[in-house]
Each structure stands twice: as structure tokens, then as C-alpha cells.
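Novice: Sequence:
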Amino acid sequence: MTGPVVVLSGGVGGAKLVLGLSRVLDPAKLTVIANTGDDFLHLGFAISPDIDTILYTLAGLVDPERGWGRRNETWKFMEAIEHLGGETWFRLGDADLALHVERTRRLAGGAPLSEITAHLARRLGVGPHVLPMSDDPVRTRLGTDEGWLDFQDYFVRRRCEPAVREIRYEGADAAAPSAAVLAALGDPRLRAIIIGPSNPLLSIGPILAIPGIRAALANRSVPVVAVSPIIAGQAIKGPTTSMMRELGLPASAEEVARSYEGLIDAFVVDPVDSKAVFPPAIRVVAAPALMKTIEDREQLASAALAAADGLAHAPSV
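When we follow this note's numbering, the leftmost residue of the sequence shown carries the number -10, and every step to the right adds one.
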């Protein structure tokens, strides 16, 4: 099949799958809808962490050790800020800073985030279409045992230490998908929609909290396949499983599948989880889910596409 593919993605984990998809597909036929619930203003700059991780990954600029930020980064700006007594808990590298300056300048001039992201993608030589989930602000906030925290305060400043009791996606109810997002999800040529192996609560949750996006998935006419971010009860990246436990949820691939019930048709899990009990309406596909190498990313991307193609060709019951 040769139709376009849409991926819902957060940062590091989702970006790895996106890179794999961009290598097994025509990049021009791949659209990434990126989480912006993590976006925030820092030192006067508009920061979009997940968008930037996706852009840097697709441009071949990402730091391979951290999985985010730019490779071969220098830190003179942060050293100068520290000398002046400024905030250093969220580090902005010198080359990375240029992107934030340009985004902030264009936002101040009235450009929507989707237009700015498209411009940055072109300048970085990125082939796939990278779209913010909305041009309207949505902010993920966490109710913890130390009170309500903005996402970056919890994730970076506090290093996920406060226990999470509640999650809110502030602004999501009033947020609208951009015209480009709706066009991508409603494209009659669409081959598949894939939900990447990103944190279902922090990265995919904000995207699905936007009514227009959730409705588009609920009323889709193409297969929707999700890829598990959990292997054998452990998160591939980040605080997914610890947060699930704090919220009283089983930290398992099965629970992630249940959270997507009614929205997905198939769920790709690592073979170690293939014997677990999943919702009966969801087809389970086993494929190695740990993406250490570029070959791993390509193989998992191919498995997700094969799962979608199998559903598209399956006889109706």
C-alpha cells in the first residue's frame, strides 16, 4: 500500500519510531502530529520540547546519547546565565537556542505554531510533515502530593520525584486541531494512523484530549495501530510505569491497550508481552519493541505498518 500515514507522537520514544517510518516510507507521505502539552515559556523563550526532538531526530541533528537536544552542543549561554544568577534547571544549548529565538520571534509577530513548525522543518531539511496538535495552547499539569505542578517543573526541575495523583490537560477542551491536522486525519487516501510508543498519559493523552482529534480517530475509516511504550512492566523511556502505579493503574502493556480501547484496532507489543490478556476487540501483534539501532526502528515501523495493512485487508465479520 502506498497511501499516506499519520503518527501521533511525543518526544524521544515516539521520535525513534517516526524516524523508522521515515526510512521505510516516502517521507513526504508521513505526517507527525506532535504533542504540545509540554510547551512552556522559559527565560522569555517559547519552548516546544516534543516538536524539537522530532525535528532534530528527523534532521539527523539529535544528540544520540540523550535522545533530545542537538548533537555536539556547546553551553556558553548557560554558563553566562549561571554567572548572572539566572535559572539553569532547564538547559538550553547554544545551537538549540537559535531555534527557540526564531520560534519566539515569529510567534510574537502573530504567526501560528503550525506555520512556524513547517518553516523550521523546511530549513532543517525534514521530509515528513510535522504538525503541532493545535495552534491553541494546551498545558499538561500534574496534581502531586506537593500540589499542582506544570509539566516541566515536575519532569525536569523536580526530576519526577513528587508522586502524581491527577493529570489535567488545561485548555484542551477549547483547543481546535489546525486545518492541516484535520486534513491529514481525513485524507481519503490515508493508509493508517499510528500511535507511537510515547507516554500514554503525558504525550498521547494531551493529543487525544483535543475533541476534534479524538472525534477524528473515533470516526476513522482506516486502521489505527498503537505501539506499546512498555515492555515486561517497564517503561522503555521516562516515568510511564512509575506514574501509572502512582495513579493506581497497573503498569503494563495491557493497561495501555485498555486506555486506547475504542480508538485503536491493533496493538503492537514486544514478544514478552504477547501472551497477556488484552481487550478482545484489539488485535495484538508481537514485534521486538526495544529500538536501540536504526535497524530496530525500521523493523518496528514495518511491523506497525504490516499490522495496519493486515487489518485493511481482513475480511469483515
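There's no promise every hint is true.
Simulated crosslink set (DSS-like; lysine-lysine; CA at most 27 Å straight-line) [to be verified]:
(1) Lys281 - Lys18
(2) Lys226 - Lys281
(3) Lys264 - Lys281
(4) Lys18 - Lys65
Simulated DEER-style distance windows between Cβ atoms [stated by the list, open to error]:
(5) Lys281 - Pro101: 16 to 22 Å
(6) Gly136 - Arg234: 17 to 23 Å
(7) Ile283 - Asp139: 30 to 36 Å
(8) Arg111 - Gly56: 20 to 26 Å
Hints listed in this document are in silico derivations from the structure and should not be mistaken for laboratory results.
Because the structure is a prediction, the values reported are computed rather than measured.
The C-beta atom is built at its ideal place from N, Cα and C for all residues, glycine as well.
Novice: The structure should be examined with respect to each hint, and the outcome stated for every one.
Specialist: Okay, the hints, checked on the actual structure:
1. At roughly 25 Å between alpha-carbon atoms, Lys281 and Lys18 fall within 27 Å of each other, so this suggested pair holds.
2. The hinted pair formed by Lys226 and Lys281 meets the criterion: a straight-line CA distance of about 12 Å does not exceed 27 Å.
3. For a cut-off of 27 Å, the pair hint linking Lys264 to Lys281 stands: about 24 Å separates their Cα positions.
4. Between Lys18 and Lys65, the direct Cα distance comes to roughly 39 Å. Violation of the 27 Å bound is thereby established for this hinted pair.
5. In this structure, Lys281 and Pro101 break the distance hint of 16 to 22 Å, their C-beta atoms being roughly 37 Å apart.
6. At about 20 Å, the CB distance of Gly136 to Arg234 agrees with the hint of 17 to 23 Å.
7. In this structure the hint that Ile283 and Asp139 lie 30 to 36 Å apart at CB holds, the actual value being about 34 Å.
8. Taking 20 to 26 Å as the suggested C-beta distance range, the pair Arg111 and Gly56 conforms, at roughly 24 Å.
Comparing the model with each earlier hint shows violations of hints 4 and 5; every other hint is respected.
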